[in-house]
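Protein sequences appear in the order of chains A and B.
Going by my numbering, the first residue of the first sequence is number 10, and it counts up by one from there.
Going by my numbering, the first residue of the second sequence is number 10, and it counts up by one from there.
Honestly, I wouldn't trust all of these hints.
If chains are identical, the list can't say which one is meant, so a pair holds when it fits in one copy or spans any two.
No more than 27 Å apart at the CA atoms, straight line, and that leaves these computed lysine-lysine pairs for DSSO-like [stated by the list, open to error]: (1) Lys-53 with Lys-178; (2) Lys-20 with Lys-201; (3) Lys-199 with Lys-211; (4) Lys-201 with Lys-211; (5) Lys-20 with Lys-115.
No lab work stands behind these hints, which were simulated from the structure alone.
Only a predicted model underlies this, so the values are computations on that prediction, with no experimental measurement involved.
The primary structure of each chain is shown beneath.
2 protein chains.
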Amino acid sequence: MLDKLCSEAKKASLVLGCSTAEQRNGALAEMATALVGRKDEILKANALDIENAKAKGISTAMLDRLTLTEERIAAISNAVKKVIALPDPLECSDHWVRPNGLNIEKRRVPFGVIAIIYEARPNVTADAAALCIKSGNAVILRGGSEAINSNIAVANILGDAVKAAGLPKECIGIVTDTSRETANALMRAKGKIDLLIPRGGKSLIRSVVDNATVPVIETGAGNCHVYFDATADEKTALDVIDNAKRSRPSVCNAAESLLVHEAVAESILPKVRARLDNVELRGCEKTLAILKDITPATNEDYFTEYNDYILTVKVVSSLEEAIDHINLHGTGHSEAIITQDPENAVVFCNSVDASAVYVNASTRFTDGEEFGFGAEIGISTQKMHARGPMGLSEMTTYKYVIRGNGQVR
Amino acid sequence: MLDKLCSEAKKASLVLGCSTAEQRNGALAEMATALVGRKDEILKANALDIENAKAKGISTAMLDRLTLTEERIAAISNAVKKVIALPDPLECSDHWVRPNGLNIEKRRVPFGVIAIIYEARPNVTADAAALCIKSGNAVILRGGSEAINSNIAVANILGDAVKAAGLPKECIGIVTDTSRETANALMRAKGKIDLLIPRGGKSLIRSVVDNATVPVIETGAGNCHVYFDATADEKTALDVIDNAKRSRPSVCNAAESLLVHEAVAESILPKVRARLDNVELRGCEKTLAILKDITPATNEDYFTEYNDYILTVKVVSSLEEAIDHINLHGTGHSEAIITQDPENAVVFCNSVDASAVYVNASTRFTDGEEFGFGAEIGISTQKMHARGPMGLSEMTTYKYVIRGNGQVR
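From just these sequences and the hints, can you work out the full model?
Below, the structure written as structure tokens:
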């Protein structure tokens, strides 16, 4: 079944890849309208998912993420509409003429078929589909089993909308069998899937990165640090660590570690504890000498992305020690320095090896919307192809088109 | 030993990554001078390799590729000098200010440590090292065992030159143990190697792509086609297929298959046979009806990159059949159409899924020098990160540097 889905998506991708921006935007408009127009079908399917989830006794938080309402469907539809207004990522191309008269065009093109493996959030179904259609890619969606009825309903409605706009319905494919086997088969569909993007928690990402033989963009692992330099402004420092740790601890751009220069540790650490009053601090020896009653941090702690109200605290004796600690323990996601020393800021930005390096701002800004990309498909923590928030242009590749009049070499 | 080499390279890469273009060009100048100045050391090491190779009884062609002379060392030195003049790939960056005052810079940065696995061509040692230094990357070189003495001599001289220019000698690392185990260890040095580029024959590339857990760019597999459309100009068609097949059959951008529209098959195929008189043709049934005495092509033939004086020939009844055949059998490298119909040229360029698509020119032009990149590290056949000839800019990635004054989200 997966084979059929992949080959239909590949065929559809060839048609979609040759479509105009107007056609793709037309499909997005149909998609946005259909989501609202056929909301009853979605709500009915979602009710089934909720019933099954309750029977299984899933957590309230997970139940909330799974639940769709009329308002939420309207919001999903509006998100699709917003994608229409974004610039066409296939527009930009470059060309030059060689001395032998060959005209070389470097042309932005879609990947072809993008597969998305994600968890129990039915809104991802429409978000991912919209970004794929906009960038000219057919999509194969493989969401979590908890949301399968909602996902099938949404994908079916979106496929109909794409067809109504004159493009192949198979541009939007959905894996209806949510067993582990189909996920594995998708990860190994070499030559059939041009790009696989996992969206979800650590174990999902790890499983995809370890098992996939198709090209993957690794997203989302965030063991992020905030470093208070010796010259850190105290208010900025406290505001940033509070925001980075507590505004949304469950997300990848939240901070997991605080590094403090020894020159300011004694004065600022008690204030950190007072401010982050609902956060469990785990400290190094030097931290424990100042905050006597907190838990000692283990080596494993420094490597852990808690996604929770826990923060490791380490006192360092130099900027260099902070940088080395970050480069050893970080995941290359988002790292911040709080400093009033412009030279130290430059050294930190040059030497920290991460997708986003901040000076006097919160790590929480690593996000496509916040960067001004309008939408994002994920945050890459790898160096190849894309790094940091990935917008529409990161969902494209390029080809060279060379026109001659008989040139040989 | 490999662990030490990797950690030294990583440390060196942090220094190199913060160097100026002037420093890197200074190192390249020292490298070019040292290669010529210490040519006797290189020739002595090379003599040892040649002696060993002769004792093993390797082919004359391989012996020729292995052999260095004073002239060849001068040519290698000149190639390094040419890299100095190329634009700095780390220069280009972009920045914008968000409504909240965050200043976002998208900055070109090196990958860090690039590993190159290659075969018995000692010139690759200097070429690859020069491109890595220019792009700010430390390099770990792992060449074939046949050239090991030459490679060690060259790498050592280049490392000394980098040091003389004030950068760490460890920017240029060489794997001295050429066992299969060290190659495998290099492919699996996750977190230590930022990018691995294999350069060599099919079996080397396949082994790297199948075994590596570090990020790899797949290069060089080229099952390239030339398609004669119904309106093909006969002279152009014959010139291009001759050049694409015979100018250098051993390389990846040589043609392996000829597709001919049935409207012109009868008139042009006998001329193809006459022109390519030292090429073995293997044809489809329709081809055999015209060229009665040639070998029939098997399904396997259509998937084979011969790198030899062999060409499959297939008669197709439409442009669409040609495109489908290419998309099924090609490796996404270089594909050409010979046509006088501008509309068919557009359809072919849009629909063929390859890194380089040619209209009325030879596939042999897929090459960094021919595209005007000045130098290339390889030809990518993948879609992620880089496609087609990879110059200096494809050896870089980027990071976001965000400057604020206390912004929180």
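So, going through the hints one by one against the coordinates:
{"no.": "1", "hint": "Lys-53 with Lys-178", "in the structure": "within (22 Å within a copy, 67 Å between copies)"}
{"no.": "2", "hint": "Lys-20 with Lys-201", "in the structure": "within (10 Å within a copy, 39 Å between copies)"}
{"no.": "3", "hint": "Lys-199 with Lys-211", "in the structure": "both (24 Å within a copy, 18 Å between copies)"}
{"no.": "4", "hint": "Lys-201 with Lys-211", "in the structure": "both (25 Å within a copy, 21 Å between copies)"}
{"no.": "5", "hint": "Lys-20 with Lys-115", "in the structure": "within (24 Å within a copy, 36 Å between copies)"}
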